[in-house]
Amino acid sequence: MRCASPRGNLALALAALAIACMPFYASPYHMQLASTAMIAAMFALSLQLLLGGAGMVSLAQAAFFGLGAYAVHLLGRALGGPPSIFLSLPASTLVAGLAALVIGPFALRTRGFFLLMTTLAFGQMLFFVFHDTPLGGGADGVFIQRPVFAAFGVGFEVTRANRPAVFLLVNLGVLTAMYAVLWWLMRTLFGHALLGIRANEDRMRAMGHDVLRLKLAAFVLAGALAGIAGHMAALNDAFVNPELLGWHRSAEALLIVLLGGIGALHGPILGAFAYTLIGEIGQSITERQRLVEGLVILAAVLLLRHGLAGLRLRRPAPT
Amino acid sequence: MDLAGLLAQILNGMQYGLLLFLISSGLTLIFGVMRVINLAHGSLFMIGAYLAYVLAGATGSLWLALPASLLGGALFGGLLERVLFRRFREREHLDQVLLTFALILLFEEARAALLDNQFHSVAVPAVLDFSVRVTAEFAYSAYRIAVLGICLGIAALMFAFVERTRIGSAIRAASENAEMVDLLGIDAHRLHTLVFAAGTALAMLAGALAAPLQSVYPGMGDGFLIISFVVVVIGGLGSIAGAFWAALLIGLIDTLGKAYVPQAAGTAIYVLMAAVLVWRPAGLFARA
Amino acid sequence: MTPVLQAIGLSRRFGGLLAVADVSLDLAIGELHAVIGPNGAGKSTLVNLLAGELTPSAGTIRIGGHDVTGWSNWRIARSGVGRSFQRTNIMPEMTVLENARLAAQALMPARHLLRKLRRGDASVTAARAALSRVGLADASDRAAGTLSHGQLRQLEIGIALAAQPKVLLLDEPLAGMGPEESETFAALLRELARDHAVLLVEHDMDVVFAVAHRMTVMLDGRVLECGTPDAIRASPAVRDAYLGHGV
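Protein chains in written order, with our numbering: chain Y, 408 to 726; chain Z, 4 to 291; chain R, 1055 to 1301.
Since the hints were made in silico from the structure, they are not lab data. Bear in mind the structure is a predicted one, so any value in this text is a computation, not a measurement. Just so it is clear, CB atoms sit at the ideal spot from N, CA and C, and this is done for glycine as well. Treat each hint with caution, since some may be false.
Simulated restraints on C-beta separations [as the list claims (entries may be wrong)]:
1. R:Arg1196 <-> Y:Ser691: 47 to 53 Å
2. Y:Asp609 <-> Z:Val86: 54 to 60 Å
3. Y:Ser412 <-> Z:Gly171: 54 to 60 Å
4. R:Arg1196 <-> Z:Ala115: 28 to 34 Å
So here's chain Y without its partners, still in its complex pose (with noise of 0.2 Å):
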């Protein structure tokens, strides 16, 4: 997986430089869409990791999105009151990342077809956990505080009015966070081990790699990062229902990795822009919002080999 080029991170810095001057320009509307947009581009980063990183094709990361979502929801519930997000979001991170290192050794045992299936069973299970118990306020999900941007009394208060724009720029702060956090990674020679799990895991564990250890480190650290996306979401939605941890939402998360093209950091992040007006555009021309979602799917599996980031690219060179 390569990282941007230097203009095309000067791209980016320029684009996010835009996207932090919105409360300038745009409409609150608008601010709300891009904020989707980037939680969609935090979810996407954190498969990223796992698909591009390390090889692994996983249907349980929405799982742990979820959970970072409803653990907003539940810690919530346990304090009698709306959470400080200096809180809220490590407690999302960690419950999610825990999720991981329980599910991981057993489903990195698998790989390919069953790896797909372990992950999407677990993930089920994680589903039919608030489906199915008073946990969560059940099938139909439930209204949640959001968390307060304060600590021990001191703090920022959010209204109606500039919501949209706190949110965008917290939002942009933490998905620049996470991109910074993965370019770094990748760098290491840690990243350089998933790529190579990724170009030919056996020969990995021939040369004396503990591949396990290196997956689940992977998957753990995917989950975590999933966990805070879900948090994010929570935050922006106000409500989690159990749909946010059905399969359905990971297929969508592949997706858009793939639209934004798995060989590159950065794709997740044009993939899950491209995703999110594709989905403003179909609804303003029709109600069928699944036939555009599926033609999208073929579109982007049948014509974009190396997804939108490998649009106007030559041939990379070597990794």
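Please arrange chains Z and R on chain Y, whose structure you already have, making use of the hints.
Then chains Z and R, alone, in the frame of chain Y:
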């Protein structure tokens, strides 16, 4: 301990397991022989159920629906294989996941366009609309007994076919070693079309049989899809016998669990799958 | 002196077939031990047993005196065993250097993994050293998939060397090579044997007799004979079974 209730639940569990077997057997063959992931398999179940609903509504009886779903399923499956899945074979798993996911969406949308997104109930055929007295206190639905019988019959036929006929041994060979098929002088393309057609027919038949039992509704295939995957993992890839016993086991655990230990029922199956993955990754019932 | 790798009474069964039956041998640093025999003699199975790809049905494997029987392939690799594959098994889209570097990185302790990979990293240095030794220094920055067949066989050995193992298990490294390439390779093998314990499985008898210090002849899974090249060449049993009487 309410014995009549227990007996009813056991029979329900077996019946659910056998329907699950019809669906999973197709899935295990399709992946075992063709090495293609098909997430849309559950949608075929849904299509069979809605087909039954439409035919039962039009003709007033379910009887036409059963052979129609079988035959229609075979034709539909053959068509899908020749037009789409043949091309999916060379693609990576990720592409197959997404393409078959797209199929799910398109099938759902097609159904919404042709029919609707509503719940519908389908009447049990009049001739079977009674209860059979098993003991003094216990009576069981005749339709459910018929479903049990039909599924067992099909299972027996499938087993005989796979174990005794030439095509059956080709299927078994192909599950183990794709190149062997060519060496045996069997046309791989035709084998794949046959396997896919059979799998589709079985899934649609299961849907038609299930329609009076649980109503037809959008997304009804989803639940069965996931559980079928669990069946395939536990039973072993490409194994009809494995799928049979695994499906029965899961059917019983799920039904009895929901009846007596509802909180644990949902997760019990996944715990079992996790255990299989750790200790017997080839499947509980896989050939040695 | 304890041999660095010892196989004692190794057997491996596949269903009804006994692919390897009661094979014992040992490897010492400075020695090149060749294993020869007709196809189906069990040579590749033996290599896979020693490398930890397969678990023995019976017998023991010791490395440096420690019992490692039943250890998986990556644990064996970490114990100082490097192996090359009969069928080239690399990362074709990565550079030659990266292929070797990943092998060099394998044995680094986990806490080093979060280090950023720089040009002067220890893994890079080790990889370059290994690639130089096998003669691929000039090809370092090429995509591994663009190498010629002979270069690929060199890379296989380079990868095995990069983690600085004590033992080298080489499974038919000369497969598919022409006569001049084989000559250069033979020189490389002789050179590697100076500071490693080398197990060489090969079919090219000219090369084997030129580089081996000791030889084991396998037949139908068993050891037919073990000794110096001269002894093996002269042995009537070996001539009857494998070499023929013209050698």
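> Any hints this thing doesn't respect? Which numbers, in order?
Replying inline: 2, 4
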